[in-house]
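J.: Below are the chains, spelled out letter by letter.
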Amino acid sequence: MDTFLGLDYQTWWFLVVGGLFSGYAVLDGFDFGAGAWHLFFREETSRRIAINAVGPVWDGNEVWLVIGGGALFAGFPIMYATLFSSLYIPFIVFLVFIIFRAVAIEFRSKEKMAWWRKTWDICYSISNIMLAFLLGVVLGNVLQGIEIGENYEYQGNGLLEFINPYSVLTGLSVLFLLMTHGAIYLLLKTEGGLYEKLTYLVKRSIIAFVVIFTLTTLYTLIFIPHLSAKIRTNPMLYIVPLAAFLSIANIPRLASKKKYLRAFLFSSLTICLMLILVAIELYPNLLLSSLDSKHNIDIYNAASSQKSLKIMLTMVIIGAPLVLTYTIFVYNTFRGKVKLDEHSY
Amino acid sequence: MEVEILSRIQFAFTIAFHYIYPPLSIGIGLMMVIFESIYIKTRKKEYENLARFWTKIFAVTFGLGVATGIVMEFEFGTNWATYSRFVGDVFGSALAAEGIFAFALESGFLGVLLFGWNRVKPWVHLVSTIGVFLGSMFSAIWIVVANSWQQTPAGYHIVGEGFNARAEITDFWAMVFNPSSVDRITHVWLGALLSGAFLVLSVHAYYILKNRHVDISKKAFKITLIVATIFSLAQLFTGHQSADGVSKNQPAKLAAFEGHYTVKAPADMYIMGIVNNKEQKVTGLKIPGGLSFLLEYDFTAPVTGLNAFPEEDRPGQVNAVFQFYHLMVMIGMTLIALTLFASFLWWRGKLFDKRWLLVVFVFATLLPQIANQVGWFAAEMGRQPWVVYGMLRTSDALSASVNANQVLFSLILFTAIYLLLFILFVYLIDKKIKHGPYDESVSNDRPLQNDISNVVTEI
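Quick note, the sequences are listed as chains B and X, same order.
To convert, note that position 186 of the first sequence is 185 in numbering that gives the first Met the number 0; the numbers rise steadily by one, no gaps.
To convert, note that position 106 of the second sequence is 105 in numbering that gives the first Met the number 0; the numbers rise steadily by one, no gaps.
Looking at chain B on its own, in the form it has when it is part of the complex (with noise of 0.2 Å):
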């Protein structure tokens, strides 16, 4: 098997996926986070402004979905067929939710009557909290494992049973986390009564993060054990779950003393420990099977060839620079508070 210093192609291209996931979790995860937060604002001016802090970047932050996805097709085609045809429901209805959203981004602020707005306001909100709860749901479905049986295929009945106990919480988890992660957001992007408001807002969603995460580690490691199994056995891979306790920890710390731009750091850095996390215990699997770990997907019956490998992971070398260089450029732009003009939604 081809190697590039010292790592399998298989390998390298997990990370690439893991990569973009954790970029997607951090760049939409903090426009989902902030739209969740969307009705807790009382004044039409507020919520402006929230919508337009997110206005020049949710169409980018999305891209991350499109090349994640693009990623995971690539590179491991019969994990992203699988995944998909087996979360069909939760799947068609992230996509709704996410049009949904949308819809609502660009109509709210085109007409100007009270109920037009509102109704807009109430499907914006609700998308996003849909749309935070459903990426968990997935990610708790694929931690447990789900039904696959022989040549990958799914074998239950692909109606409800993407929602169990396990996924309900992570779902949960990862909807207030997010709601944390926007709500810093929004104190880096706003002034006056809606950054007090959101100060006051900030310290309550980290509250509920930390209760619900902490039941879901409580529960994870009494009903799921294979899961920590490596953790375990490997007392070095410790560091992970301290760093992110000590991350989650140092959130409330700055966001105390109102150093907003470190706490946005740190809540992103949050996010990614969590991923890594889920990295480590998955790796070498990807999906696992409920029914017989023989059908596990791993990071290796599920990839594409070598020669594939190698000239995708060309390409990123080349590409991920650039994508970079123009990322930075267009934050740079837009950095500081918003100020609502002519172009404004």
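Careful: at least some of the hints might be erroneous.
Calculated pairs, SDA-like style, for lysine to any residue (alpha carbon to alpha carbon, straight line, at most 20 Å) [what the hints assert, rightly or not]:
(1) B:Lys306 to X:Phe176
(2) X:Lys431 to B:Glu110
(3) B:Lys111 to X:Lys431
(4) X:Lys120 to B:Arg334
(5) B:Lys306 to X:Val175
(6) B:Lys109 to X:Ile422
(7) B:Lys117 to X:Leu427
Derived CB-CB ranges, DEER-like [claimed, not checked]:
(8) X:Val425 to B:Leu158: 33 to 41 Å
(9) X:Thr299 to B:Thr324: 55 to 63 Å
(10) X:Pro384 to B:Gly155: 25 to 33 Å
(11) B:Phe3 to X:Thr169: 16 to 24 Å
(12) X:Val425 to B:Leu323: 37 to 45 Å
(13) X:Ala307 to B:Tyr330: 54 to 62 Å
(14) X:Ala233 to B:Val167: 54 to 62 Å
(15) B:Leu323 to X:Gly159: 34 to 42 Å
(16) X:Asn404 to B:Lys109: 32 to 40 Å
(17) X:Pro309 to B:Leu321: 45 to 53 Å
(18) B:Ile121 to X:Asp312: 51 to 59 Å
It is worth saying that the hints were derived from the structure and are not from the lab.
The C-beta atom is built at its ideal place from N, Cα and C for all residues, glycine as well.
Given the coordinates of chain B, work out where chain X should sit on it, guided by the hints.
T.: Using the frame of chain B, we list chain X on its own:
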């Protein structure tokens, strides 16, 4: 109903809906680049207003393109799992290239394009506009490369058997430059550029008719007419190249285009007609030997007919393929006639004298849209019963674990939400068109940009 037919309906519906928007983005993108470049060169404010106006319309089409595009990507996995496993290795690199080199470029600069007018220097803004435009053109390349590979596979080998069979890439450049990709990319590009150009023509013709924004609209109309004329003519050439390629690589599809059944015989070219697939007859207006002449420059050259292929290996819906193909060709000819006639009037200095011509241009925006849609229908239905030509049948490409109820559920949801999206699209475009380009005469009393922070503090 069956999973297969439901999945096919869903895919056809979502892709057809998606395909309204990216071509418009590409086409409008070019016009934005042109208008903004003229502004940078001449420093005339009116061209900046024009570029800004079209940027707003572009934003709508782009947003809808992204939203409906994510659906397409997900559907490969949700509904066509076997297909995804089969093509993943080959498509992987095309998709990766699209994501990294095209889509990221496009979306990255989009924020600056839409919201950066007051934040960056004019030339930096122009660079962003060009970045977005090029990104959308590159996107088209990779998507059409992937689709062309399904039509004319190259640079691969098959590993595994039965359920586990899949195509693996052996030669990246052979995959990229498979026999049909270049012809089809240029054909798709021009179709996209025409759809944008004709929208610009339509809107400005409307303004001229309504006596609003007349000066700037006349200028914009003329510039765009040049673009539309050149591309309409060029489309004839790429169309011919494509048909030529189809005759070599997918003779069954070409035979279906013209309803040509006899195994080896001179083939006619129909202007219009109806195919009776049972009796293998076409009734209609034809040029005898026309297809033979088009391909071989000889009215008596034999062309392979549908009967040369086993019944189960050739498209079943011959009449539909025939009609879609002919509608596309007919529209292409109409666009050439229309743009040449308008250019002729311009040359005689009478371009805006004929109101009826402007009315025609207002509605002509639908023509390239229809041509793009039916062209793809002809291309994709003509490929049947294969999803990957000669290798994987559409009926074998489904997700084995997905049942009809699930697909029905998603189909209903998509229908509802796409209806909403379409209303949104028409509503937004209508609103922006009614609002019109920014007008100097009313703009002077526009409030300065409010520093909203003051307002917020008061609340």
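J.: For every hint, state whether the structure bears it out.
T.: Hints, one by one, checked against the model:
{"no.": "1", "hint": "B:Lys306 to X:Phe176", "result": "18 Å, holds"}
{"no.": "2", "hint": "X:Lys431 to B:Glu110", "result": "13 Å, holds"}
{"no.": "3", "hint": "B:Lys111 to X:Lys431", "result": "16 Å, holds"}
{"no.": "4", "hint": "X:Lys120 to B:Arg334", "result": "16 Å, holds"}
{"no.": "5", "hint": "B:Lys306 to X:Val175", "result": "15 Å, holds"}
{"no.": "6", "hint": "B:Lys109 to X:Ile422", "result": "13 Å, holds"}
{"no.": "7", "hint": "B:Lys117 to X:Leu427", "result": "19 Å, holds"}
{"no.": "8", "hint": "X:Val425 to B:Leu158: 33 to 41 Å", "result": "35 Å, holds"}
{"no.": "9", "hint": "X:Thr299 to B:Thr324: 55 to 63 Å", "result": "60 Å, holds"}
{"no.": "10", "hint": "X:Pro384 to B:Gly155: 25 to 33 Å", "result": "30 Å, holds"}
{"no.": "11", "hint": "B:Phe3 to X:Thr169: 16 to 24 Å", "result": "20 Å, holds"}
{"no.": "12", "hint": "X:Val425 to B:Leu323: 37 to 45 Å", "result": "38 Å, holds"}
{"no.": "13", "hint": "X:Ala307 to B:Tyr330: 54 to 62 Å", "result": "59 Å, holds"}
{"no.": "14", "hint": "X:Ala233 to B:Val167: 54 to 62 Å", "result": "57 Å, holds"}
{"no.": "15", "hint": "B:Leu323 to X:Gly159: 34 to 42 Å", "result": "38 Å, holds"}
{"no.": "16", "hint": "X:Asn404 to B:Lys109: 32 to 40 Å", "result": "37 Å, holds"}
{"no.": "17", "hint": "X:Pro309 to B:Leu321: 45 to 53 Å", "result": "49 Å, holds"}
{"no.": "18", "hint": "B:Ile121 to X:Asp312: 51 to 59 Å", "result": "53 Å, holds"}
Hint check: no violations occur; every hint is consistent with the structure.
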